[in-house]
Structure formats: C-alpha cells, structure tokens
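As given, the protein sequences belong to chains R and U, one line each in that order.
Counting from 1, position 158 in the first sequence corresponds to residue 157 in numbering that gives the first Met the number 0; the numbering is continuous, with no gaps.
Counting from 1, position 75 in the second sequence corresponds to residue 74 in numbering that gives the first Met the number 0; the numbering is continuous, with no gaps.
Any given hint might turn out to be false.
One copy or two, either will do: identical chains are not told apart, so a pair holds if it fits within one copy or between any two.
[To be verified] Computed list of lysine to aspartate or glutamate pairs in DMTMM-like fashion (alpha-carbon distance at most 25 Å, straight line):
{"no.": "1", "residue 1": "Lys163", "residue 2": "Glu26"}
{"no.": "2", "residue 1": "Lys99", "residue 2": "Asp42"}
{"no.": "3", "residue 1": "Lys45", "residue 2": "Glu26"}
{"no.": "4", "residue 1": "Lys45", "residue 2": "Asp33"}
{"no.": "5", "residue 1": "Lys163", "residue 2": "Glu31"}
{"no.": "6", "residue 1": "Lys99", "residue 2": "Glu119"}
{"no.": "7", "residue 1": "Lys163", "residue 2": "Glu57"}
{"no.": "8", "residue 1": "Lys163", "residue 2": "Glu65"}
{"no.": "9", "residue 1": "Lys99", "residue 2": "Glu31"}
Quick caveat, the hints were computed from the structure, so don't treat them as lab data.
Protein chains: 2
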Amino acid sequence: MLPPGALTAFRIVLASASPRRVELMRENLGLEIDVRPSQFAEDLPKSDFADAAAYCRETARQKATEVAARCCGGDEACGRAQLVIAADTVVSLAGRVLEKPRDESHAAEMLRSLSGGEHEVITAIALVLVPAERGAPVREACVAEVTRVRFGDLSDSVIDAYIKTGEPMDKAGAYGIQGRAGAFVTSIDGCFFNVVGLPLSRLCAEIVLLLGIQQAREGGQQ
Amino acid sequence: MLPPGALTAFRIVLASASPRRVELMRENLGLEIDVRPSQFAEDLPKSDFADAAAYCRETARQKATEVAARCCGGDEACGRAQLVIAADTVVSLAGRVLEKPRDESHAAEMLRSLSGGEHEVITAIALVLVPAERGAPVREACVAEVTRVRFGDLSDSVIDAYIKTGEPMDKAGAYGIQGRAGAFVTSIDGCFFNVVGLPLSRLCAEIVLLLGIQQAREGGQQ
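Here chain R stands alone, though its shape is the one from the complex:
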C-alpha cells in the first residue's frame, strides 16, 4: 500500500489500454493517472527467453521504455517527475505460454486445457521514473509476480456459453477471473489482482522502493 500522498508530486502514466488496469489504478489505488497505451509490437520471440516470467518481464520493460521515451519530450514533457507503469500478463500451463486467443475456437481450446487443473498467471510490471530535469538519471524497476490458479471441471456447454459472452477474447488464457469466469476458479495461491492484470500490493511495494531510493539519493546530494 502507498503512504497517503506519496505520489502527489508525480505525473503517473499507465502504459496500458487495459480497462481492468485503468480501473485498478483509479478505483483500488485511488490514483490520478494519464493513460498512454504502449505502441510496442509485443512480438518478442518466446524461444529467446529462459521461461515465461523472463519473456513477460521483457515485454513489460519494452512497453514502459517506449512510453517513457515519448513522455520525455514534446507535448508530454510536463515539468514534473513522471512515473511510467507498464504491465504484461500471460498464463503459463506446463511451461507453455498462453496469451490472448486468436479466435473463438482458440479460446475454447485454451479453456479446455485449463479445465480441472492448475496453471500459473504471471504479470510483470515495469516502472520507469523520469525525473523533471532533462538529463537527470532515469530509474527503472521490473519484476514478475506469479499466482497459481486452480480451475474446476468445465463442461463443453459451460465453455460454449462463456465464449458467447465475448469475455474471453481480449484476455490472456481466454478468461477474466473478475467476470463470469470467477466461478470457474476453485482456489488461488498468491495475489488475486495479479490474475486480473496488476499485482496491487507488489506494485505499491515496488513504487515505494523506487521512490525511497531516489529520495535517499536526493537527500545525500543536498
């Protein structure tokens, strides 16, 4: 959790178009944010990475870096320090990475593969702290949080009805735990909001750490 007023002096930029992440930042953390979706292509070759978490971290880092570069100049330079926050969420099932489904039949295949078993949801968050003064050092942090999720058995008719709601199509692993798929999940081990797309407690801890380090340095320079 963030100390009250900790971010008052900063412009906070969410480098994500996800309405869930926007809502979590505004409603659950109570932060005023500007939304600047990243234009990063999200096409890193998975085989270049040791595991799903490493792939996810690098995607989040690229998104944050791309948006931070835009925030440093032109119309976006605001005279305040800026905190850019990006995130990337994937589902990992027995070492295989599931992202957003291509189409309804791909969504059904994903849901059948998750039925009755356990998988991991990984969200990486990348933070870039852009100082107000041009040329002053930029600070970065990038971490991945893992939540284990257990599904009950899903019948074909339940999967078909769920796909008809349209909910799976823009979501990693083809489900939204905060929506109609909430009843699919018998238990989780870890952070719930990580499964939604933004690990709130971890995000706050990383922000405090990033600001704390900077504040300590500024103190040392006085």
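Place chain U on chain R using the hints.
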C-alpha cells in the same frame, strides 16, 4: 460453474442486503435474482459454537430459513420452485471472530491486528430449496468455505487514510478486499470471492448438488 439454463425454472432469492453479494450474483453468475434481506437478528452467542465456521454456518442457516418461511406464503408465493441463498462472512484471527466494526476506533484496532500477518476469512452459504407444491419436502444445504489471507505491514497513516474512505465500516474485519484494501493483501490461499462475501465456485457446486439430488429423486418417483 452452473450449466447454462440450470436455474431458469426457479425463482432465486438472495437473503442478503450486501451490494457486493448482489453484484456477484447478477454480474459474475449472470443470474436474475430477487433480493429479500433477512431480518434475523444475527446475535447468536459465539460461545455456543465449537469454532468460527460453526457459528458462521448457523447464522447463514438462520438467515436462509427466515427468508424461506416468508417466501412460502402470502405475496411471495410465486407458483415456481424457489431457491433461497443466504451467506454470512466473518474474519477469524487466532481463534477470535471479527465481524463488522462498531466504530472507527474499533475498525483501526481490527486493521492493526491484521497488519503484517495471516488470518482466515470464512463465508458460510445456506441454501433452501422450496418446492412449488405446498407441503412437498424442502431441501437444505449449508457449508462454510475458508480462505487464508496475508496482509502486508500497514502503517498508522495508511490505516487512518483507509478509515477516512468509509469503506471499512460495513465489512467483516473492517476491510474490503475488492476495494481500496486490495493493496493491503500480499497473497491469498483459497477462493477470492469468498473473501468478498460469496464463494462463487463453491456456491455453484452446492446448487448443482442440491438440484441434482432432487432431480434424481423425482426421476425415481416416476
């Protein structure tokens, strides 16, 4: 999860005034419900029960029974079978039951006691299936689901700021995991929606069981 259309023939009555439970039933389960808050006093002596789960189950059972009795006659008799659903949520910390806080200072005391440690959230659900025919046997089920919740360290200033939001006052344990307190929670083990106030997956499984048993019996009588 419920098979599509499983409850079409039933009137579903939620015996709870909780806006969170209403939203979970309507938005997450997609059910049409009538809301009939229970008038049960919720004053059972805790010392009469072996543990928090037993206390919680009996409170949920009393709520469901009271509402079901009203649904059987007068204006509420609707000619359809009715499924009455009640729930009760408590926080259990080292054997002590925390319910809704009495006032802000009680809420602060509860939150300080939860800071930096693990507690259990118990939600009991009670179902009463009232048949359409007067005098036909009523069926009941009552179960409790437990979720372990771990909090990060909460400073006094964070607790004060949280209490000022007003969010804690109508909630067991003085917090709402789905709201501003989401960032307090580093991890959970179990069902997230159980902490919100209604264990969706377990509720669906119990409904299927209750209806399944009845359908089997009806089959046997033909």
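Enumerated hints in conflict with the structure, sorted upward
Violated hints (numbers, rising): 3, 4, 7, 8 and 9; every other hint is consistent with the structure.
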